[in-house]
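Visitor: Below are the chains, spelled out letter by letter.
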Amino acid sequence: MKSFRRELWFDVPTRRAFINITGHVEDALRESGIREGLCLVNAMHITASVFINDDESGLHQDYERWLEALAPHEPIDQYRHNRTGEDNGDAHLKRQVMGRDVVVAVTEGKLDFGPWEQIFYGEFDGRRRKRALVKIIGE
Amino acid sequence: MKSFRRELWFDVPTRRAFINITGHVEDALRESGIREGLCLVNAMHITASVFINDDESGLHQDYERWLEALAPHEPIDQYRHNRTGEDNGDAHLKRQVMGRDVVVAVTEGKLDFGPWEQIFYGEFDGRRRKRALVKIIGE
Amino acid sequence: MKSFRRELWFDVPTRRAFINITGHVEDALRESGIREGLCLVNAMHITASVFINDDESGLHQDYERWLEALAPHEPIDQYRHNRTGEDNGDAHLKRQVMGRDVVVAVTEGKLDFGPWEQIFYGEFDGRRRKRALVKIIGE
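Which chain is which? The protein sequence lines are A, B and C, in order. The first sequence: position 80 = 80 (the working numbering), numbered continuously. The second sequence: position 81 = 81 (the working numbering), numbered continuously. The third sequence: position 94 = 94 (the working numbering), numbered continuously.
Bound-form chain A, shown alone:
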């Protein structure tokens, strides 16, 4: 069994953003030399998500508006977590809706995807350096 590990780093200038990382994961897979196996991609931070959906800017605006309705950023003091001095209570909730990780099948050396699947890093508390992890195991 082979294994391969790569960190992907982000420094999102805004509080929230969705970034297509499919190409970076494909690069990691190619370098791994793994042909059959599983590829885990996860946020290493607890105010960010990794998820699979469509690369369509209107949809991303829908996600932004919907998540903000489900878990509004303001007022800050509605979250007990923010009594620690943070202002990211909402980000911990949004991340649960969108998910921490995805597992993708690796088949014949490729990410085994349906026609529209793309991998995104979802940032909900940006403006600092943060990471996602790619771990691939197989043969």
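Everything labelled a hint here was simulated from the structure, so no lab data went into it. By construction, the Cβ of each residue, glycine as well, lies at the ideal position given by its N, Cα and C atoms. Hints should not be assumed to be uniformly reliable.
To be verified - Below are the DSS-like pairs computed for lysine-lysine, each with C-alpha atoms no more than 25 Å apart in a straight line:
| no. | chain 1 | residue 1 | chain 2 | residue 2 |
| --- | --- | --- | --- | --- |
| 1 | A | Lys110 | A | Lys2 |
| 2 | C | Lys2 | C | Lys110 |
| 3 | A | Lys2 | C | Lys110 |
| 4 | A | Lys2 | B | Lys2 |
| 5 | A | Lys110 | B | Lys130 |
| 6 | B | Lys110 | B | Lys2 |
| 7 | C | Lys2 | A | Lys2 |
| 8 | B | Lys110 | C | Lys2 |
| 9 | C | Lys130 | B | Lys110 |
| 10 | C | Lys2 | B | Lys2 |
| 11 | A | Lys110 | B | Lys2 |
As the list claims (entries may be wrong) - Short, incomplete list of chain B residues facing chain A, as computed with Cβ under 8 Å:
| no. | residue |
| --- | --- |
| 12 | Leu40 |
| 13 | Met44 |
| 14 | Ala71 |
| 15 | His81 |
| 16 | Thr84 |
| 17 | Arg100 |
| 18 | Val103 |
| 19 | Ile137 |
Use these hints to put chains B and C onto chain A, whose structure you have.
Guide: Here is chains B and C on its own, set in the frame of chain A:
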């Protein structure tokens, strides 16, 4: 290490439905000959889910009503995604709540489940042929 | 390829709770002897979650209040599932928001975590013995 891949195809006649696919995943596992490992099951489409919960019709009606309240199908024009000509903006949101994939342990040649765990394909934009993927790795 | 399996048992005295199980998963990993691979942790019950987030009590109170707003426990009869004689319809919904399972990379014999990642068992229908599963595969 062994690996095994199977596509499960669906042609749901309604917009939304929950389909128990546990038997199909068990069939794939049996054919794989894998005794110890991990089994990934994921929707290959971004308006559908694979999730694990109870096979109880009242619960499925509760999910239907709850998801429709969290992300209503209508009015169509509330979603920017629908400006692309689609009417499935809501389906992309519902799928995030229910999840894209599950990973199930394989132990002694069986899906290593608690007493009530069943695997479902959740369709949120049906009336066409769509797929889920089963990928099993192990020994 | 090696594999290792462990059940973690809980008997939560309240209906709902969040329990940090990171240490138990680390113990399982150490005993497995696996250095590189993937570690699956999942609830074996369909009214409980396993998720990764921060070990901060204010945040856990935020989750409790938020989930109760998204899927209130009462009135019981708002859920068709409860016509079966259960009163846990809400727990099946809450569990979908927080997720059933997490997959964690194993690197150099450790859970390959970012700085604040901790694994939690989320109970939404306690007051009885229930289980989570740890399954590790790798080398």
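Visitor: If a hint holds in the structure, say so; if it does not, say that too.
Guide: Now the hints, each set against the structure:
Note on Lys110(A) and Lys2(A): the hinted pairing holds, with a Cα-Cα distance of about 16 Å set against a maximum of 25 Å. Annotation: proposed proximity of Lys2(C) to Lys110(C) holds, straight-line Cα distance about 16 Å (limit 25 Å). About 17 Å separates the Cα atoms of Lys2(A) and Lys110(C), which keeps this hinted pair within 25 Å; it holds. A threshold of 25 Å between alpha carbons decides the hint, and for Lys2(A) with Lys2(B) the separation of about 13 Å falls inside it, so the pair holds.
A C-alpha spacing of about 20 Å is found between Lys110(A) and Lys130(B), which places the hinted pair at or below 25 Å, so the restraint holds. Taking the CA atoms of Lys110(B) and Lys2(B), the gap is about 16 Å. The hint holds against a cut of 25 Å. Using a Cα cut-off of 25 Å, the hinted pair Lys2(C) and Lys2(A) holds, with the two alpha carbons roughly 13 Å apart. Distance check on the hinted pair: Lys110(B) and Lys2(C) sit about 17 Å apart at the alpha-carbon level, within 25 Å; holds.
Of the pairs offered as hints, the one joining Lys130(C) and Lys110(B) holds, with about 20 Å between alpha carbons and a cut-off of 25 Å not exceeded. As the CA atoms of Lys2(C) and Lys2(B) are separated by approximately 13 Å, the hinted pair is consistent with the 25 Å bound. Among the hinted pairs, Lys110(A) with Lys2(B) is consistent with the structure: their alpha-carbon atoms are about 17 Å apart, no more than 25 Å. Interface restraint check for Leu40(B): the shortest CB-CB distance to chain A comes to about 5 Å, inside 8 Å, so the restraint holds.
The interface hint given for Met44(B) is met, as the beta carbon of that residue sits about 3 Å from the closest beta carbon of chain A, less than 8 Å. Interface restraint check: Ala71(B) against chain A, minimum CB-CB distance 7 Å, threshold 8 Å, status holds. Annotation: His81(B) was flagged as interfacial toward chain A, and the flag holds, the nearest CB pair being 4 Å apart, inside 8 Å. For Thr84(B), the shortest C-beta to C-beta distance to chain A is roughly 6 Å, which falls under 8 Å, so the interface hint holds.
With its C-beta approaching chain A no nearer than about 5 Å, Arg100(B) sits inside the 8 Å limit, and its interface hint holds. The closest approach between the C-beta of Val103(B) and any C-beta of chain A is roughly 6 Å, which is under the 8 Å cut-off, so the hint is satisfied. Checking Ile137(B) against chain A: minimum C-beta separation of about 6 Å stays under 8 Å; hint holds.
In this structure, none of the earlier numbered hints is contradicted; all agree with it.
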